[in-house]
Amino acid sequence: MNDKPVRPRVRLSVPTCARAVLPLWVLLVAACGGGPQPGAVTPSAADSAAAAARRDSVAAAARRDSVAALAQRDSVAAAARADSVARAARETARADSVRAQVQANVTGESAPVRSGLDSASAVELSALIFFDLDRSDLTGASVAALDRKLRILQANPRLAIQIAGHCDERGSDEYNLALGERRAAAAKRYLVEHGIAEGRISILSYGEERPLDPGHTEESWTRNRRDEFSVTVGAR
Amino acid sequence: MNSGRGRWREDAELTAVRAAPSLAAAALLVCLAAAPARAQDSIPPGGVRVGITYTAGTRPGLVVALGTAVGFDSVRAILERDLDQSDQFEVITPPGTPGRPGDAPDYRVYRAVGADLLVTLATAEGRSDAVEVQLHDVRRGSLVRRATVADAGGAGGRWAVHRTADEIVRWVTGRPGIAATRLLFVQNGQLWRVDADGAGLAPVRAAGWPALSPTWSADGRHIAYMAYVRSGQPIVIQDLESGEREVVPTTEYGLNITPEFSRDGARLAFAHGTEAGTDIFVYEVARRCCVTRLTVGRFSDNLSPTWGPDGRRIAYISTRAGAPQLYWMDADGSDPEVLGRFDFGATGQTNGPAWSPDGQSLAFHRDVGGTPQVFVLDVATRAVRQLTGTGRNEDPTWAPDGRHVCFVSTRSGTRQLWVLDVETGRVRPLTMSGGARLPAWSPRLASQ
Numbered sequence: 000m001n002d003k004p005v006r007p008r009v010r011l012s013v014p015t016c017a018r019a020v021l022p023l024w025v026l027l028v029a030a031c032g033g034g035p036q037p038g039a040v041t042p043s044a045a046d047s048a049a050a051a052a053r054r055d056s057v058a059a060a061a062r063r064d065s066v067a068a069l070a071q072r073d074s075v076a077a078a079a080r081a082d083s084v085a086r087a088a089r090e091t092a093r094a095d096s097v098r099a100q101v102q103a104n105v106t107g108e109s110a111p112v113r114s115g116l117d118s119a120s121a122v123e124l125s126a127l128i129f130f131d132l133d134r135s136d137l138t139g140a141s142v143a144a145l146d147r148k149l150r151i152l153q154a155n156p157r158l159a160i161q162i163a164g165h166c167d168e169r170g171s172d173e174y175n176l177a178l179g180e181r182r183a184a185a186a187k188r189y190l191v192e193h194g195i196a197e198g199r200i201s202i203l204s205y206g207e208e209r210p211l212d213p214g215h216t217e218e219s220w221t222r223n224r225r226d227e228f229s230v231t232v233g234a235r
Numbered sequence: 000m001n002s003g004r005g006r007w008r009e010d011a012e013l014t015a016v017r018a019a020p021s022l023a024a025a026a027l028l029v030c031l032a033a034a035p036a037r038a039q040d041s042i043p044p045g046g047v048r049v050g051i052t053y054t055a056g057t058r059p060g061l062v063v064a065l066g067t068a069v070g071f072d073s074v075r076a077i078l079e080r081d082l083d084q085s086d087q088f089e090v091i092t093p094p095g096t097p098g099r100p101g102d103a104p105d106y107r108v109y110r111a112v113g114a115d116l117l118v119t120l121a122t123a124e125g126r127s128d129a130v131e132v133q134l135h136d137v138r139r140g141s142l143v144r145r146a147t148v149a150d151a152g153g154a155g156g157r158w159a160v161h162r163t164a165d166e167i168v169r170w171v172t173g174r175p176g177i178a179a180t181r182l183l184f185v186q187n188g189q190l191w192r193v194d195a196d197g198a199g200l201a202p203v204r205a206a207g208w209p210a211l212s213p214t215w216s217a218d219g220r221h222i223a224y225m226a227y228v229r230s231g232q233p234i235v236i237q238d239l240e241s242g243e244r245e246v247v248p249t250t251e252y253g254l255n256i257t258p259e260f261s262r263d264g265a266r267l268a269f270a271h272g273t274e275a276g277t278d279i280f281v282y283e284v285a286r287r288c289c290v291t292r293l294t295v296g297r298f299s300d301n302l303s304p305t306w307g308p309d310g311r312r313i314a315y316i317s318t319r320a321g322a323p324q325l326y327w328m329d330a331d332g333s334d335p336e337v338l339g340r341f342d343f344g345a346t347g348q349t350n351g352p353a354w355s356p357d358g359q360s361l362a363f364h365r366d367v368g369g370t371p372q373v374f375v376l377d378v379a380t381r382a383v384r385q386l387t388g389t390g391r392n393e394d395p396t397w398a399p400d401g402r403h404v405c406f407v408s409t410r411s412g413t414r415q416l417w418v419l420d421v422e423t424g425r426v427r428p429l430t431m432s433g434g435a436r437l438p439a440w441s442p443r444l445a446s447q
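Going down the list, the sequences are from chains V and A.
By numbering that gives the first Met the number 0, the letter at position 63 of the first sequence is numbered 62, and the numbering carries on one by one without gaps.
By numbering that gives the first Met the number 0, the letter at position 364 of the second sequence is numbered 363, and the numbering carries on one by one without gaps.
Bound conformation, chain V alone (with noise of 0.2 Å):
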């Protein structure tokens, strides 16, 4: 991710009336929280799509501390413009990145992140949440978990992490890709629920890929139905 991306040999084939958009297109992606928006593409849509979700997004600052947001709304927005920017540059830079390992053959896995926390700290970041079959909703176990990893994450603010879901074998494999997504999802939206910015957590689905047990059992099973929890930029 760091590494200056290389620029492939073989022509990058993104279509110029894509590259046009994007830096439109990415501000609107950074704005929304991600993903493509319905709609062919164009500048003037993407114009006010912008605009309007950049109003959505002051919004939602201003809901987090309303009475702070009421005071200092211009600088909350003048915060959340500056945050956007810098979010669409990143994912810029993110996406010349991905057609540059695809180019060069990079596959899934990076070098872990020291996490600079104590070990009891650290063990508690990466202590794995479990699901119901087929479900992406969080049990009360998951939510007591993920009040503890919010402890850790407020009390250091530069820490970011990646929550991949997974699951077990009895589903369709293209389904569960689906269902890791949403049971990442949901632990991630806990965390921003109370208070944790969205741009310090990242999710990622391995559906069935890779199982914690290779068993065969409703143990194994039990076991494989997770959320796991990793450092991408440490606290120190």
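Just so you know, not all the hints are guaranteed correct.
What the hints assert, rightly or not - Computed footprint of chain V on chain A; a stretch qualifies when at least three of its residues, placed anywhere within it, have a C-beta under 8 Å from a C-beta of chain V:
{"id": "1", "stretch": "75-84"}
{"id": "2", "stretch": "110-119"}
{"id": "3", "stretch": "209-222"}
{"id": "4", "stretch": "228-236"}
{"id": "5", "stretch": "251-265"}
No lab work stands behind these hints: they were computed from the structure.
A quick note: this is a predicted structure, and the numbers were derived from the prediction, not measured.
Ideal placement from N, C-alpha and C gives every residue a C-beta, glycine not left out.
Given the coordinates of chain V, work out where chain A should sit on it, guided by the hints.
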């Protein structure tokens, strides 16, 4: 007397190939000799005249014999297996090899073993590397058609023989066979390819690991798949020959799964997942531009798009009403409708839909008592038929003939690929090593 117009038009095409051999650079040089013109009043419904009357649904007895082309037994063996696996014939293997080199076949011998058709291999005039394949009508005792397979013993020979087998199927039934096709699948997170007869197993180098959900372009030259690279899970389009890769725009972010090309190759549908759910998008591959969103799931999952043959409808899986079910919609995302509702309590989740090449059927897998089984839905009547029942059976993919389906099955104890002929119910294993999954059947391929 009408001599079967369809046949004669085809002869004209093949004659044109003979007149311009450069067109036949792809190993298969089909030069048809003048088949004895047989008087015929009309083409029977569903059947085509080749001297005998073929009726759809019947399986004429067929023998593949070596004839005068001694030294080409491997060609005979491949042809015999291809014709057997077309499931269009009752392939008979008589004891010994009746007929002496140089002799005209003794049709009485073949009649006695119940053959209607005979395929023989003859030496091609003045060419040691070529073999002439002849189709005989055993009942009438006559040579019906012949084709020369150039380079039969050479590097491209195997594929040329597959192409010839597909031609023989077309001579008899009116539609070509599926021997000159292959499949992509996933094993241990790697992409693999295998020929339709189980030979030619080879890895396909993908952009990352694991790579999942491979699919073919309409011309068979490109594949698309999803791969895990360090900072994303993009949909990658890959040129099979050059290895050149393209990342589908917008798939640098989030989860990107289940790509499928439209039949005209102009568009690629895929599912893109975010924290707000998974939705179906279409990329204009031919224009290399523009990604359009088709579904707005709002925390539901919409995935596994599969194109109808005319590109106007897309079938897909949606969880908008709870468990995953089969839906379809217009290709612009309008008019979504549930297509195959499951019986609550009796059957469960539906996944992995694949629309048949003729557009009449959708194959998919659906939970029956917690175990997935392959079903086929008749699009016109919405009638659903269960095709499997032993072990787990999932992720069907259609052969280009629209009658064979390849799927993943645990019926032998390990997860392997199996091929089912939907018309006869005949099943054969395709792969032997365990763990194969997510198969995708190619279109007919001109060369290896």
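Evaluated hints:
1. 75-84: violated (count 0)
2. 110-119: Per the Cβ count (0), the hint is violated.
3. 209-222: Answer holds; 3 residues pass the 8 Å Cβ test.
4. 228-236: holds (count 7)
5. 251-265: Check passed, 6 qualifying residues.
Of the numbered hints stated above, those contradicted by the structure are hints 1, 2, listed in ascending order.
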